[in-house]
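Participant: Letter by letter, the chains look like this.
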Amino acid sequence: MEYAYYPGCSLDSTGIEFNLSTKAVAKAFGIQLVEIPDWNCCGASAAHSTSHWLGLSLPARNLAIAEAAGLDVAIPCAACYARSKRAEVEVCKSEETRAKIEEIIGRPYKGESKARALLDIFHRDLGVYTDKNALKKPLAGLKVVTYYGCLMVRPVDTGFDDPEDPISLDEIMTALGAEVVPWGFKTECCGASLTACRPEVGFPMTEKILDAAKKSGADCIVTACPMCMANLDMRQDQIGKAKNVHYDLPVYYFTELLGVALNMNNKELGIPRHFVPAEALVNKIGQAKTTEGGEA
Amino acid sequence: MERVGVFVCHCGSNIGSVVDCAKVAEELRNYPNVVHSVDYKYMCSEPGQNLIKEAVKEHNLNRVVVCSCSPRMHENTFRACVAQAGLNPYMFEMANIREHCSWVHAGHNEEATAKAIDLAKMAVAKVCKNKELKKGHSPVTKRALVVGGGIAGIQAALDIANNGYQVDILERTPSIGGKMAQIDKTFPTIDCSACILTPRMVEASSHPNIKLITFAELEKVEGYVGNFDVTIRSKARSVDMSKCTGCGTCMTKCPGKADDEFNMNLQKRPAIYTPFPQAIPNKPVIDRESCLKFKSRKDGKDVCGICAKVCPAGAIDYEQEDEIFVEHYGAIVMATGYDQFDHSVYGEYGYGKYPDVISGLHFERLVNASGPTMGHIVRPSDHKEPKTVVMVKCVGSRDPEHGKSYCSRTCCMYSAKQATLIRDHCPDTKVYIFYMDVRTPGKGYDEFYNRTREEYGVEYIRGRVSKIYQDGEQLIVKGEDSLLGRPVEILADMVILADAMIPQNDAAKMAQIVGIGYDNDGWFTEAHAKLGPVETHTAGIFLAGACQGPKDIPDTVAQAGAAAVKVCGLLSKDQLETDPCTSEIDPALCAGCGHCVGVCPYKAISLETIEERKAGKTISRQVAKVNASLCQGCGACTVTCRSSAANLNHFTNAQILAEVDALCQTIL
Amino acid sequence: MTLQEMQNQELRDELFLRSQVDVTKCYQCGKCTAGCPVAEHMDYGPRQVMRMAQMGLVEEAMKTKAIWLCATCETCSTRCPKGVEVAKVMETLRIMAKERGYIAEKNIDKFNNIYNTIVKSLGRMYEPGLIVSRNVATGHLFQDTSYGIPYLAKQKLNLVPHKPKNSEEIKSIFAKAAAMDEAERGNR
Amino acid sequence: MSNNPVEKTENFEPKILVFACNWCTYAGADLAGVSRLQYPPNVRVLRVPCSCRVNPQFVVRAFQRGIDGVLVAGCHPGDCHYTTGNYYTRRRFLLMTRMLEYVGIDSGRFQTRWISGSEGPKFQEVVTEMTEIIRQLGPNQKLRDDVTIEMQDFEEEAVNE
Amino acid sequence: MLEMQQEMRKVAKELLESGEATVVIGWEKGALPYQTSPVLIRSAEETEKLVWDEYCQQNLSNYLIDFVYSDEKVAIFAKGCDTRAFNRLVQDKRIKAEQFTVIGVPCPGMKDRKQAAKGVADVPLAKACQECRYPNPVYANRTLGQPVTPRATAPDYSDVEAIEAMSADEKAKFWQEQYSKCIRCYACRNVCPACNCTNCIFDQSKSGWQSKDINASENQFYGITRAFHVAGRCIECGQCDMVCPSDVPIMLMNKKAKKDLDQLFGQYDAGLETESLIPLGRYDVNDPEEFM
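Protein chains in written order, with the working numbering: chain A, 800 to 1095; chain B, 552 to 1219; chain C, 6 to 193; chain D, 11 to 171; chain E, 40 to 331.
For reference, chain A alone in the conformation it holds in the complex (with noise of 0.2 Å):
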């Protein structure tokens, strides 16, 4: 399997645990990522909120790279995945819009090469969740609530799961080992694209989501996206503290986790970098494992 990897900015910066996690899984399981040369941001969020030609050609540029290698596109970042998606789809629906892309981006882009989320990839592509024996460390005793995000799975005509109700990071997890905690708020925007700009719109609906993440008696959040990353786990100290509660709620990037099943070591997937405190809980799962083991 191969594919062109559009990591977008954010992985190289404040999702850098993502791009790691995410080279070391794809690597473990024989999935090769060509890093597009010279890929450019693609806007989100900016670009489309101020031209419409601009948030379609930005994405589209990386896309027709893609396309003249022949690849499809991996994006693990939900933001990045959805505008890319936007201009593959305006693309084909219309060769009108087509012809104008192409102008402004000076190179051919037929819409042959798809953007494809990371997360569809590891799900449908590979189908891990059915090999049962890659796991070196099955994730038994972690119960995780599953947050996709509002960009992953939306709008429905462009997505690969259920826009209400997303299923493929629940498989995914439920095939780690893992007790996915049922929640109402897989979906639910974090308020990330508001949080910089006006905190007191972007701070409560974080809040939220941290707020159903306790109650739901969940150990820690798996996300497939960066900004909700950033969010819920660089501003919950922040959070927390303005309400006098220690949420203690590590996030990870569904590539640490899958990781963490495969044994590899923590500091390989980014897993210390984090500012949620998130290295004692993974490294719990293999130790109870090993007791219940020897006790057996």
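Keep in mind that the hints are not guaranteed to be accurate.
[To be verified] Pulled a few chain D residues facing chain B out of the computed Cβ check, cut under 7 Å:
(1) ALA39
(2) ARG46
(3) PHE68
(4) ARG71
(5) PRO87
Because the hints were derived from the structure by calculation, they are not lab data.
We put the beta carbon where it would ideally sit given N, CA and C, even for glycine.
Go by the hints and put chains B, C, D and E onto chain A.
Facilitator: Coordinates of chains B, C, D and E only, in the frame set by chain A:
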């Protein structure tokens, strides 16, 4: 010699203000075979019709053309008029210069006039080729079939039976009663549904003119108005109806368990069962899917048999088989009812997974004194009384994207009714109703709605609910109070979704079996939205109740009565006139290839052997022959027939070609 | 002023042309506002913005904060019973508003501008630059800077900006896209 | 050329024959009338009980006699008053459309459409669109029994080339 | 071929002598080398007339219609296309299969006698034979000789496609030219096994379908109507082309109909059996929908 009279109608100003009617009349006066041509204000009026009758006499007309409105409007009027004038009613044609001309070409008077002249010429050309046709006659079987044993079917059957005609009710479930039997109270009077329904059920079952055929399916309908042959499959009850006394011992001893459909799966029922205590006939059937004996037989074993052991009458018969028989009827009433929309398509409402998010019909069983909770309103999940109930209207209704585009008509009222019932049963419980519009057109309906708000304190919030999710033991309902213009969240213990009314899931198949139309949603189509609401396009088949579209009980009963009157009118005749516009096959031209037999949807064509002299010898050969009583006149055979042996009366090849030629003659 | 005087058909047409969304289909059920995660912070909910658009009060709609606060999560579009792409209308209104200088949410606009400027010159995002520039622009000098040190400590911030190989190409995309938008606007 | 009756004129108004089934399209056209939906006065409706009554030979005949366009219209498949009629219509005219184009009838001059009794607006839309298409195409010259000059035109052109 | 000819004569003789048949339909030599025509053999002596050469193209099955009401016992020699024609007639209920003895003859392909008549040196096979996919009998009571390998496995529509590629005006011109040559002798109809009506509409002067005028327009009405009538029923024997005195490419119409029907409703080769309904005599609710 053809002597055609042309009459051009102004229809007041409807036609006259656009089409120059005098010019049309004048132009036609010079058209071949036209001997008389005039225009007049209102041709359909009595003086207008007299004009035709007098002209026929005066000018010795043998054919008449009226240029006026759509033949779908007045063809019969003028045919009758022409007949009164002493001509055969089929020596008449209409040119539609109103709906197809003046009304659609306003302001283009010249072009519209030219078009009217064309249309008139086409009609004249056709009428010259018209032949005198006589209606045929067919006998009437004085017996009706009502398909469906809900309130619509029961009412229609009673009305027919009380008029002295035999009628059978065909019901697919083990008992008549339908949805109304499941409902607790009826709006706006809060009558007990069962209390008003069961007497009617008893009356139907004991009426000398009514025969109940329950637990049976409609397999096939053949024949035509007055003479339907209906094939019925009586499903194996596994209980001998003639022996069973309905004591019910078997049901109490049966170890098999199945979901209780009548109670919306809120509880279990035995495998041998009657759907509800007042069922009619009150004799059980064995549900072979859940019966231990029948299940074990599939594995080659043969266990249980308790019901047979305990039955004091020896009525249990495991070897019974489906029985297929054919009955003859003169008329059929379709009263197959509706089904409830499945709200599990809504992910935002939990895909039907939250136990305390229930449908309106669920609630009816919950609140019913003979229901699974003995009428105590409790949540399905933990059987606690809900302190806050949220009701959501238009679930699946008015939602072209995820459900149906239409309004289900009954939900506004039943939601209001259910809200008052909750407030009556549980005075401490708060009830919120999310709505988009409150639609209460019905006697006493709006008053009821207002009482719901004012006297019962039910709070109405205008807005569609966007999301319901489980929050611990409770549910959070997110909506907008669009009158306040702000989003609201309600913490609820139970949510009742007013699911849309949808057609039975096999409605389309049923329509195809009986040969009637159905719309895109699957509702059976009436013959005319306004003037033929209980008739269908197939003569002799009528509609009653919700199978035709969402309806409440009063409307259903009214329509059932209307359908019954139509049936009685039909059955009161000894003979029926048949439309002579049927296909006819000229045996001299027919080569007997039989391709027409295959395309006829009414099986009206068959091959028969005729004797013929050929080359000095008598030979016998096969030719196709049309049974005029079965033929409905579609004309499929006429095109299939290469040698034009098949022709459709009143729409013959010669007539249509004459029209085509007449139209094209006016091209330069 | 009468309603007729407030209604602007030209803007209504432009909104339709650029969004390709038929707002007349909206029957004001409010499901969009009900599901909108930001609605409670908006001056007008999405339903009300749709109503403005529907009634030809596009000018008024362009002046709302709502169109800026919309996070483009598309919950509204997904759930709309009439298949109206509400988020697309919000987005188009935001673009149209900016073109006309109606900036109801200055900080969000500034953020967008800075973001676009960085992408235009570097081809990619440069987060330290974004945060600093934003804080300067919005006057909240120390917002989020507390995260800077831990970020650096965790090697999560790249202090050296990306050097694009084809910066001219990206600049040209910006220019051509802007021209294309302008052309659409000019079509009125 | 002088005796050619169908020289293209500036103000060419096509004449279009519509075979309409009684139950759906005729009713749809009536509904267009009742709703006062305006459309070009170029179409003439010929009522048949069902679209399956329309013999493709009628269509050829109309072209022979100089019609500019022919529309066959009936109920949507599945909604036929006679249950199956329009399924045969569909088969026959899927073939006949191709055959007519094969002998040179311009694409668009002959059409088959499904228009239900409730689709007054669709009737309006279809006949308006068809009138416009045929107005663009000009008068029909193909298959006509009164036009024989056309061939010489081609030959002359061929010689000129 | 001589071997087969001997075999045919022998079989015919046996049939007539045993009384199994009172008449055998086959081919005999005509006046010119490229003329071979149908012959009815009623006695063992006459069997020497029977020939089997490369000009036995004429389809014999149509002659059976004349024997439907006769008491004679008829045996008939039949190539692949004759047997498809036989099935065509059975399916159209013009003959009953059990009334006749069909002796199948695998066919190596027949030469184009029109070319031969023109004096072409190396006479090619008739076009229909070049494209023939069923040279072996598809129905027979007994078959002589060994089956031959079909010359073609798929229909050749290159000639149809060439017309399709033309502009509308070019097509109109082409067909008008072709049909202006037609003299409406109806030879194509008379020879056609699919045109087996007892009363053809073109013989019904009062039907109003057509005038007696002979011009390109009326002739095309005839041509299009005939193509429509044989659509899905044509057994592709090419007899129409062969008998047309004006060289109108009639099969070019018939093949177009077959090509489209196959494409639209699935491949259907007429005359292979007698049970299935013809394409225009049936429908599928999932037929292509182009008319929305």
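Participant: Please flag the earlier hints that this structure goes against, numbers listed from lowest up.
Facilitator: 5
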